[in-house]
Each structure stands twice: as structure tokens, then as C-alpha cells.
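Chemist: Sequence:
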Amino acid sequence: MKKLFICLLMFILCTPVFAKAAKRDFSNVIGESDIDKNSIAVSIKDLASGKPVYELNEKILMHPASVQKVLTLLPAADVLGEDYEFTTEIYKRGEDAYLIKLGADPYLTSSDLKKLISYVDLDVKKIFIDDSILEKKDWGEGWQWDDDMNVLMPRFNSYNLDKNLIKITVMPTSQGEAPAIINPSKYPLVFFNHLVTGKENNIKVTRDNSVSNNTLVLEGTVNKPVTVYIPTNNLKRYFDIKLTNALADRKIYLKENFITAEQTPQDIVMGRVTHPIEDAVNDILKNSDNLVSETVSKLAGGKAYDDRGSDLNGIKVFNAYCKKIGLDNSKIRITDASGVSKNNLISADFVSEFLVKNKDNKLLENLPSPGEGTLTHRMLPLKDNLRAKTGTHGDLSSIAGYLISKSGNKYAFCIIINDTASTISDMKTLEDYLIREAYLRL
Numbered sequence: 460m461k462k463l464f465i466c467l468l469m470f471i472l473c474t475p476v477f478a479k480a481a482k483r484d485f486s487n488v489i490g491e492s493d494i495d496k497n498s499i500a501v502s503i504k505d506l507a508s509g510k511p512v513y514e515l516n517e518k519i520l521m522h523p524a525s526v527q528k529v530l531t532l533l534p535a536a537d538v539l540g541e542d543y544e545f546t547t548e549i550y551k552r553g554e555d556a557y558l559i560k561l562g563a564d565p566y567l568t569s570s571d572l573k574k575l576i577s578y579v580d581l582d583v584k585k586i587f588i589d590d591s592i593l594e595k596k597d598w599g600e601g602w603q604w605d606d607d608m609n610v611l612m613p614r615f616n617s618y619n620l621d622k623n624l625i626k627i628t629v630m631p632t633s634q635g636e637a638p639a640i641i642n643p644s645k646y647p648l649v650f651f652n653h654l655v656t657g658k659e660n661n662i663k664v665t666r667d668n669s670v671s672n673n674t675l676v677l678e679g680t681v682n683k684p685v686t687v688y689i690p691t692n693n694l695k696r697y698f699d700i701k702l703t704n705a706l707a708d709r710k711i712y713l714k715e716n717f718i719t720a721e722q723t724p725q726d727i728v729m730g731r732v733t734h735p736i737e738d739a740v741n742d743i744l745k746n747s748d749n750l751v752s753e754t755v756s757k758l759a760g761g762k763a764y765d766d767r768g769s770d771l772n773g774i775k776v777f778n779a780y781c782k783k784i785g786l787d788n789s790k791i792r793i794t795d796a797s798g799v800s801k802n803n804l805i806s807a808d809f810v811s812e813f814l815v816k817n818k819d820n821k822l823l824e825n826l827p828s829p830g831e832g833t834l835t836h837r838m839l840p841l842k843d844n845l846r847a848k849t850g851t852h853g854d855l856s857s858i859a860g861y862l863i864s865k866s867g868n869k870y871a872f873c874i875i876i877n878d879t880a881s882t883i884s885d886m887k888t889l890e891d892y893l894i895r896e897a898y899l900r901l
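Take 460 as the starting number for the sequence shown in the working numbering and just add one per residue.
Hints may be right or wrong, so weigh each one.
Here are the simulated EDC-like cross-link-like pairs (lysine to aspartate or glutamate), alpha carbons at most 16 Å apart as the crow flies [what the hints assert, rightly or not]:
#1 Lys695 with Asp589
#2 Lys869 with Glu824
#3 Lys574 with Asp708
#4 Lys887 with Glu491
#5 Lys865 with Asp843
#6 Lys801 with Asp606
#7 Lys663 with Asp605
#8 Lys584 with Asp605
#9 Lys869 with Asp505
#10 Lys801 with Asp854
#11 Lys887 with Asp495
#12 Lys622 with Asp597
#13 Lys658 with Glu636
#14 Lys775 with Asp787
#15 Lys762 with Asp537
#16 Lys595 with Asp766
#17 Lys818 with Asp537
#18 Lys695 with Asp590
#19 Lys496 with Asp484
#20 Lys622 with Asp607
#21 Lys573 with Asp708
#22 Lys585 with Asp606
#23 Lys496 with Asp885
No lab work stands behind these hints: they were computed from the structure.
Just need the whole structure built from these sequences, with the hints factored in.
Modeler: Okay, structure coming up:
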């Protein structure tokens with residue numbers, strides 16, 4: 460009994476000392492990084508008890524970048540269900556008309572469209588399109604106009620097709636001469652070709668809106684054939700062109716334009732193309748796909764409130780989920796699903812608490828470990844002990860997830876760094892060092 464009392468006393472006396480030592484280790488890592496301490500937010504919580512073990516600026520609202528995808532995916536998936544499928548259907552309407560009901564499928568391709576058109580009779584006179592599943596808005600609130608050419612942030616709406624990217628090929632010619640530009644999509648683009656066939660592939664593409672939003676300027680050098688992706692600036696127009704091409708492949712030429720109309724009970728389903736939500740979960744958590752993240756959130760909002768999918772309905776789904784799990788989200792701000800918008804403001808403490816409350820959610824088993832997705836080249840020695848979502852946007856970096864320390868303890872953590880004076884590389888290096896310290900010391 461006396462020995463037990465002595466052991467208990469030693470544990471009580473040593474625990475605060477250990478906590479202070481761990482805090483000192485984290486502070487030393489931050490101090491050696493040359494990153495402004497006030498721009499760093501850290502929250503590490505014991506996964507079993509939910510109690511914090513290290514905090515720094517944990518309540519300060521900061522831009523979370525793509526770490527936010529964890530927060531919006533779980534509520535959306537909860538509404539849609541694990542068996543949800545993105546579905547695009549074709550119906551027969553009357554004797555000589557068909558209707559395509561869009562599902563805003565982020566995985567729909569031109570080949571899928573051709574498959575749907577295979578159900579169409581050659582004597583078809585009209586084709587209707589039901590695009591009512593999502594709102595007409597095709598970019599998130601607070602998305603920046605100068606990201607218009609960023610292939611990671613394409614527009615998105617009911618007409619999602621081919622990842623909403625136009626693929627062009629640049630072919631070198633003779634040294635010093637202009638290379639050829641091939642656009643097989645038939646989407647009308649005008650190219651100002653300032654490229655030169657040279658010793659390396661180094662291409663810069665910009666959009667010249669002073670001429671038209673379909674005018675692209677290509678500059679730099681080309682040495683080998685290269686594929687360049689251009690974000691589609693008019694999704695409906697691109698869809699209509701691809702649909703026209705699919706019909707033409709079957710020698711079908713309509714006299715009327717495609718007509719927007721909603722599906723009715725009298726329409727007879729002929730065929731469909733589907734893709735499982737598991738693909739989306741993997742792409743959102745491992746590859747940080749913005750298009751998929753935004754689409755899933757809007758679709759969940761539409762299903763939950765029997766309405767068109769929209770940003771606002773997606774946010775309502777998030778709010779309802781927070782209430783369901785007993786998490787106060789009144790002090791944070793979410794305006795999109797992906798974390799692209801700089802209008803999003805979230806604390807590291809909120810993210811770590813969200814992770815604690817969702818520790819048994821099986822979806823989070825899809826978080827990448829080192830060597831996977833956005834962690835492909837990071838923290839490889841911790842492969843079996845770390846699962847985390849990363850975020851990068853402009854002058855900020857973030858990471859959040861679960862860590863099993865060297866001693867076997869489990870933690871939820873979030874690190875957000877918003878520092879205009881530091882490079883993304885330096886921020887991510889600091890994140891890695893902090894996680895390493897947590898692994899070794901906690």
C-alpha cells in the first residue's frame with residue numbers, strides 16, 4: 460500500500476513537470492523557425508479525454524485552407540449516405556424527345572455522355588436538359604478572380620463534365636519556331652501563340668479578358684509535346700458542345716437547341732451513368748479536390764432541404780451536424796466547402812475539437828498517411844502513426860488529423876500558419892517539426 464502511494468505521488472508530481480517540458484520543446488521548435496509566433500495556431504488534444512496537451516493561439520480565427528474539407532465532408536456524407544451515387548440519367552419523353560437529368564457528377568466524362576446518347580433513337584427531334592440539381596452559381600463566395608486559370612479551382616455546377624477542364628496539346632516544331640496548338644475539344648478558344656520551340660518545356664497561360672474570356676495567351680518555350688489544361692469558363696456551353704459531338708457521332712443533327720426543363724413522372728428512364736461517393740471521399744481527403752468537395756457539399760444541401768443544392772444549404776447541413784454532435788460553431792465562419800475562400804475563419808481549437816468528437820467516424824480512416832496523397836513526400840518515418848489533412852492556399856498552410864505518439868498515446872491536432880513573410884516550404888517544415896516533437900514527447 461505504501462509503495463502504491465509513493466508511485467501515485469510520483470505520478471502526480473511528475474505530470475506537471477512533463478507537461479511543462481513538452482510545452483518548452485514545442486516553444487523551442489517554434490522559436491527556431493523564424494516564423495512569427497503570432498501567426499501560428501496550434502491545438503493538440505488527448506483523443507481519449509479531449510483535454511488539451513498543448514495550445515498556442517488556439518482560439519484565434521484564421522484562414523484554414525483545405526483542412527476545412529474535413530469539417531464539411533463529414534456532414535455532407537452523413538446526409539448523402541454511404542451508398543450515395545452521383546447519377547446522370549436519360550429519359551424518353553413522348554415519341555421523339557429525350558431528357559438528360561444532370562446529377563452534377565464531378566466524375567462525368569465525355570465518354571459517359573456518349574454512353575447516354577447510345578439510348579437515343581435516330582429520329583429524335585428534341586433533347587431537354589434538367590439542370591435543377593444545383594444553383595446556377597459556379598464559383599464559391601470569396602473565390603478570387605485571379606485564380607480563374609488555376610486548374611485546382613475550376614468552376615462547378617450541374618453541368619460538371621471532364622473535371623471542367625479543357626485539354627489542349629502543344630507540339631514543338633523546328634528550333635526557334637512557333638509550336639502547334641491542338642484543341643480537340645471543339646470548345647471555341649482563341650490563342651495568342653507567343654511560344655517558341657526551345658530547349659525545355661516552360662509554358663505560361665493567361666486569359667486576356669480585354670479581348671474576350673475565350674482568348675488565351677501562351678508564352679514560354681516547348682521542347683517536347685505537352686498537355687495543358689484550361690479551366691472551362693462556361694460549363695453549359697462546353698457541355699452543349701460535347702453533347703452535340705456525341706449526337707453527331709451517331710449522325711443525329713437536331714434542328715432545335717437543347718431545352719432546359721425538369722424531369723416529370725411521365726418521362727421513362729432509359730439509362731444512367733453512376734459513380735460512387737467513395738471516390739469523392741478519397742479525392743477530398745487524400746487529393747484535396749476542390750471541385751469534388753464543393754459539389755458534394757451542395758448536393759447534400761439539396762437533399763437535406765429538398766431544394767437546389769447551394770452554398771447556403773451546404774452550410775446549413777454543416778450547422779445542423781455541429782448541433783448534432785454538440786459542437787458550438789457560433790464563433791467561426793464558413794462560406795464554402797473546400798477552404799478556398801479567404802472569407803472562411805476557423806480556430807485550431809475548433810478543428811481539433813471536431814476531430815475529437817468524430818474520432819470513431821470511419822470516413823476519417825481515409826485521411827492520408829505519410830506516403831499518400833498530399834502527404835506523399837512528408838513525414839515518412841511516421842507512416843503508421845499519422846493520418847492528416849493538409850491545406851495550402853496563397854500565404855497560408857495548415858494540417859490537422861490524428862497522431863499516435865511513440866509512447867502509444869493518441870491525439871487529435873490542428874496547426875494553422877498564416878504568415879505573409881514566410882514561404883510555404885518553411886511553414887510546412889515547421890508543421891513537420893511540431894508533429895515530430897509531439898510524436899517523440901507526448
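Chemist: Each of the hints needs a verdict: does it hold here or not?
Modeler: The hints, checked one at a time:
no.	hint	verdict
1	Lys695 with Asp589	12 Å, holds
2	Lys869 with Glu824	14 Å, holds
3	Lys574 with Asp708	11 Å, holds
4	Lys887 with Glu491	14 Å, holds
5	Lys865 with Asp843	11 Å, holds
6	Lys801 with Asp606	12 Å, holds
7	Lys663 with Asp605	14 Å, holds
8	Lys584 with Asp605	42 Å, violated
9	Lys869 with Asp505	6 Å, holds
10	Lys801 with Asp854	11 Å, holds
11	Lys887 with Asp495	14 Å, holds
12	Lys622 with Asp597	13 Å, holds
13	Lys658 with Glu636	12 Å, holds
14	Lys775 with Asp787	14 Å, holds
15	Lys762 with Asp537	11 Å, holds
16	Lys595 with Asp766	13 Å, holds
17	Lys818 with Asp537	15 Å, holds
18	Lys695 with Asp590	10 Å, holds
19	Lys496 with Asp484	14 Å, holds
20	Lys622 with Asp607	15 Å, holds
21	Lys573 with Asp708	9 Å, holds
22	Lys585 with Asp606	37 Å, violated
23	Lys496 with Asp885	13 Å, holds
Violated hints for the displayed structure, listed by number in ascending order: 8, 22.
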